[in-house]
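Chains as they are written, first to last, in the working numbering: chain A, 1 to 288; chain B, 1 to 301; chain C, 1 to 356.
Treat the hints loosely; a few may be bogus.
Listed below are the simulated DSS-like cross-link pairs for lysine-lysine, each with C-alpha atoms no more than 30 Å apart in a straight line [as the list claims (entries may be wrong)]: (1) B:21 / C:66; (2) C:116 / A:178; (3) B:196 / A:276; (4) A:196 / C:108; (5) A:276 / C:339; (6) C:225 / C:116; (7) A:178 / C:210; (8) C:339 / C:225; (9) C:60 / B:21; (10) C:210 / C:116; (11) A:110 / A:196; (12) C:60 / A:110; (13) A:234 / A:143; (14) C:102 / A:196; (15) B:297 / A:178.
None of these hints come from the bench; they were simulated from the model. The structure presented is a predicted model; accordingly, all values stated were derived computationally and were not measured.
Chain by chain, the residues:
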Amino acid sequence: MRLLGKEVFTSDKRRIDERSSVEKISTFVFVLLAVSFFAIPLMWLVLAPFDSDPTFRIKWPNWGLGNFSEMAENPYAYRSLLNSAIFSAGSGLVVILVGAPASYVLSRIKFAGRDAFLYILLLFSSIVTGSAAMVPLFLLSLKLNLIDTYQGVVLVLTGGLIPAAIFILKDFTDSIPKSYEESAQIFGASSFRILKDVVTPIIRPGLAVIFVWSFVQAWGNFLAPFILIRDVNKQPAAVMMYSFYNDGGQAVFRTVAAFSLIYTIPVLAMYFYVNKKYGFRFYGGIKG
Amino acid sequence: MKSKTVKGSRAARPGNSVLGKGAATAFLSPSLLFIGVFLLVPAFWTLFLGLTDYKLVGIEALNPSFIGLDNFAKALQDPQFLSSLKLTIVYVLGSAIFGQALLGFILAWVLNELSPRVRSAVELIVIFSWIVPGSVVAFLWFAFYNKEEGTLNAILGVNIDWLLDYPMLSIIIFNIWRGTAFSMLLFSAAIASIPKSHIEVARVAGASKMQQLRNIVLPSARSYILTNLLLITLWTFNDFGPYLLTGGGPGGQTQILPIFIYDSALRYLDFGYGSAIAAIMLLLNLILSLIVLRMSKKGKK
Amino acid sequence: MSFVSIEKITKVFPGGVRALDELDLEIQDGEFFALLGPSGCGKTTLLRTLGGLESSTSGKISFEGKDVTFLTPGARNIAMVFQDYALYPHMNVLENISYPLKVRKFSKEEIDKRVKQASEALSIEMLLDRKPGQISGGQQQRVAVARAMACTPSLYLFDEPLSNLDARLRLEARTFLKQLQRELGVTTILVTHDQSEALALADRMAVMDKGRIKQVGSPAEFFHKPANIFVASFIGSTPMNLLDGVVNDGKVVIGSMSFDIPAHAQNTARTGDKVVFGVRPEYVSLTSSPGSGIASGVVKVTENLGTHYLVTADCNGILVRGTAPDGSEPHMGDTVHLKPESVRTLLYNKTSEDLY
Chain A
1 MRLLGKEVFT SDKRRIDERS SVEKISTFVF VLLAVSFFAI PLMWLVLAPF DSDPTFRIKW
61 PNWGLGNFSE MAENPYAYRS LLNSAIFSAG SGLVVILVGA PASYVLSRIK FAGRDAFLYI
121 LLLFSSIVTG SAAMVPLFLL SLKLNLIDTY QGVVLVLTGG LIPAAIFILK DFTDSIPKSY
181 EESAQIFGAS SFRILKDVVT PIIRPGLAVI FVWSFVQAWG NFLAPFILIR DVNKQPAAVM
241 MYSFYNDGGQ AVFRTVAAFS LIYTIPVLAM YFYVNKKYGF RFYGGIKG
Chain B
1 MKSKTVKGSR AARPGNSVLG KGAATAFLSP SLLFIGVFLL VPAFWTLFLG LTDYKLVGIE
61 ALNPSFIGLD NFAKALQDPQ FLSSLKLTIV YVLGSAIFGQ ALLGFILAWV LNELSPRVRS
121 AVELIVIFSW IVPGSVVAFL WFAFYNKEEG TLNAILGVNI DWLLDYPMLS IIIFNIWRGT
181 AFSMLLFSAA IASIPKSHIE VARVAGASKM QQLRNIVLPS ARSYILTNLL LITLWTFNDF
241 GPYLLTGGGP GGQTQILPIF IYDSALRYLD FGYGSAIAAI MLLLNLILSL IVLRMSKKGK
301 K
Chain C
1 MSFVSIEKIT KVFPGGVRAL DELDLEIQDG EFFALLGPSG CGKTTLLRTL GGLESSTSGK
61 ISFEGKDVTF LTPGARNIAM VFQDYALYPH MNVLENISYP LKVRKFSKEE IDKRVKQASE
121 ALSIEMLLDR KPGQISGGQQ QRVAVARAMA CTPSLYLFDE PLSNLDARLR LEARTFLKQL
181 QRELGVTTIL VTHDQSEALA LADRMAVMDK GRIKQVGSPA EFFHKPANIF VASFIGSTPM
241 NLLDGVVNDG KVVIGSMSFD IPAHAQNTAR TGDKVVFGVR PEYVSLTSSP GSGIASGVVK
301 VTENLGTHYL VTADCNGILV RGTAPDGSEP HMGDTVHLKP ESVRTLLYNK TSEDLY
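Model the full structure from these sequences, guided by the hints.
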């Protein structure tokens, strides 16, 4: 009996080992395939900018930095990056200026209809997407003389970003104890001083994250400037990138290669900055 | 020590918030203005325009008139609209539900078992494809799919013009690549939120990996899965991204609804008809959003 | 003269919850006063109303005879220490302590002087350049007290200031707070849910329930003469024996047992009254033989409380608790005879729930 028991035990153990090695191999194969799927198309972005003879093909580069100097000579490339910076910084700023005060009130004051307001905000912000509302947004900009203006794009982008910004900032403010403000009230600080000395410094990390998030969203947005900007001198990098390879003819590979990397770097930098400094990931999801 | 008192205003019974009514209103009103102008007005304007024959050129541009539900009736008989709707459904099912959600879940599940280093390295690559600007991603795939020089043909050893011969498949794979990160991160969070003891109990009871998945992980992550499916459905449904790759072509084979709206309204300047289509989209968005909101409310309770 | 005077204060929250219900209370000058009660009893709301952080629905509050009901928090010349200390994370300890003084526009010299005094009094001089996140919980608590102290208020409000400390630190901080309050001599109101804290710290205290005050008095009065059944069952480290009975012919009859009517109730309790007979286990001792005024039963549980044992005995279906010195404790299943000390027994009217 004892022998039998032992027999069962070893065979059982072997079975577990076999299963786990099958599992190990299939896991390995899956991870390898998944990594290849996601990494290979990205390789072009890593290699082509440094290849003095880039094509569509991903290949070992003929190393050189000539692409960047060629890009620098292209006035449109440089301008469009500057335009992107204006659109993005503008949107980030307006989102903070408009969203932060609102989220503070929504977090701290329980007024009648607050919950209804938040519900409607959440509902409409997910319904009215850029795709579904492009016609009225275009007509609105037309009627307000905002076509081909920086303000027009910034306002439309901000309008789309504010609801989510308000929700994220409200959650952030909710997590801050009210006693900070209350102790300052007891000391006799005025509302203005409380906001300036106590509230703003404490919610600063939240503001920074929202600014970066808005900046990144605006930086990548294609649809808004695509329908609101006709003047090629005011187009941001997102639209310029599209024109580079879509305007018939052959793509200007050397410029495109350098441009796509330069255009991508700020987003990656900001991602790592926020990730490192605040330890959490981008709140994704709002798409054009 | 002498004590010093701050002169206080004699407020009608002191309240408990830093801001008075006036200040609170001032704080809230800019956002109300933005929300009104850029969310509410566009929504209702779309509905209104859908009931007119407003065009930017021609007679109707000068004198648009109210035509009731004609645009909607026209849409339901327009083969181009019906095909666009069908393409959108295929695109959403293929890239969001079967693509991003399934791949995202498997990635989250498999990576959960690996060492933290391997895990974060793989996650980083997937996240990269998510945060690179859309028009760069579109170009990367434009290059990848290219018939003569594209890397995909080189790897597979074939000679296919992907964007011409398999346009829908191409944009589906493109969108899976682009959007899987969100589902992966959400499902990672869902798996991480399951108490370790639950899985250990199953392991002690001798459940296989598949049994653990079926009996513990899937039921625990159910609400995450449903929320994720609805959210990515909503986003993919409204995704304008494929325009960057195919422009809706060839021959309208990738003309999903957002591109259809763009073409009718902003390319051919038929605002009335484009808006009617947009209104239908708004309605479908509303239904999806209401389900999401109802579910998240239930989840909180 | 009373320092704080609260008259018919009522607070109804939107939604209709009555947190304070026509509450009256007088607190004397220089007193350390504790507000005690179960969570949700309204004690924190009362403290916050005194601070001006909540508005009262009706009623009047005055400090030193001056009506402050309608004053903003900053105009009341008070200081408050919060449960989470509310130390500003972006300011170091020095800036935290001096911030209220800056707000009140004190001169630079005066601020330096006060910060020095307060930080010395609380032994935190070496922490002045640290941020709150870099010091321990006990140190944070001291900084919060120093910040309050530097304002030289005429009234301190403490909202559970010790509850975030671990047990050992809490005892130290308790002694230290009491000392400090004695030295400063400033009227102090403390909110706590921990009765041992209230009993140890307070000159006088109040127990609250459902927005009303159930009893006001010295800690000793609370321990020896709880004014009603609620307070009797709430106060005490071991639960008081509260036994339902009937008055009959000069005795309190509880099941098959009978006890003498407590001295305080001898003129008021009448035959036929339904009553609750109360005595703390600390005043119930083991005796060798049964008899009148003695509860006999079988030991169900004994619990070691250090210097003595808490003994729970089943006396014909009624559970009675008493204490036995360490070393002479009975065992489970033993038959014991429990004798309440007659001067320590209390009698409550079952209907009004008040002490006779």
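Consistency of the hints with the structure:
1. B:21 / C:66: Since the Cα atoms of residue 21 of chain B and residue 66 of chain C sit roughly 28 Å apart, the hinted pair holds (cutoff 30 Å).
2. C:116 / A:178: Given pair residue 116 of chain C, residue 178 of chain A holds - Cα atoms ~29 Å apart, limit 30 Å.
3. B:196 / A:276: Status holds; Cα separation ~27 Å.
4. A:196 / C:108: 21 Å, holds
5. A:276 / C:339: 69 Å, violated
6. C:225 / C:116: 45 Å, violated
7. A:178 / C:210: 24 Å, holds
8. C:339 / C:225: 19 Å, holds
9. C:60 / B:21: It holds: about 24 Å lies between the C-alpha atoms, which stays within 30 Å.
10. C:210 / C:116: Distance ~43 Å between residue 210 of chain C and residue 116 of chain C Cα, so the pair is violated.
11. A:110 / A:196: Distance ~22 Å between residue 110 of chain A and residue 196 of chain A Cα, so the pair holds.
12. C:60 / A:110: 25 Å, holds
13. A:234 / A:143: 19 Å, holds
14. C:102 / A:196: OK: residue 102 of chain C and residue 196 of chain A at ~14 Å, within 30 Å.
15. B:297 / A:178: 25 Å, holds
Consistency note: the structure conflicts with the earlier hints numbered 5, 6, 10.
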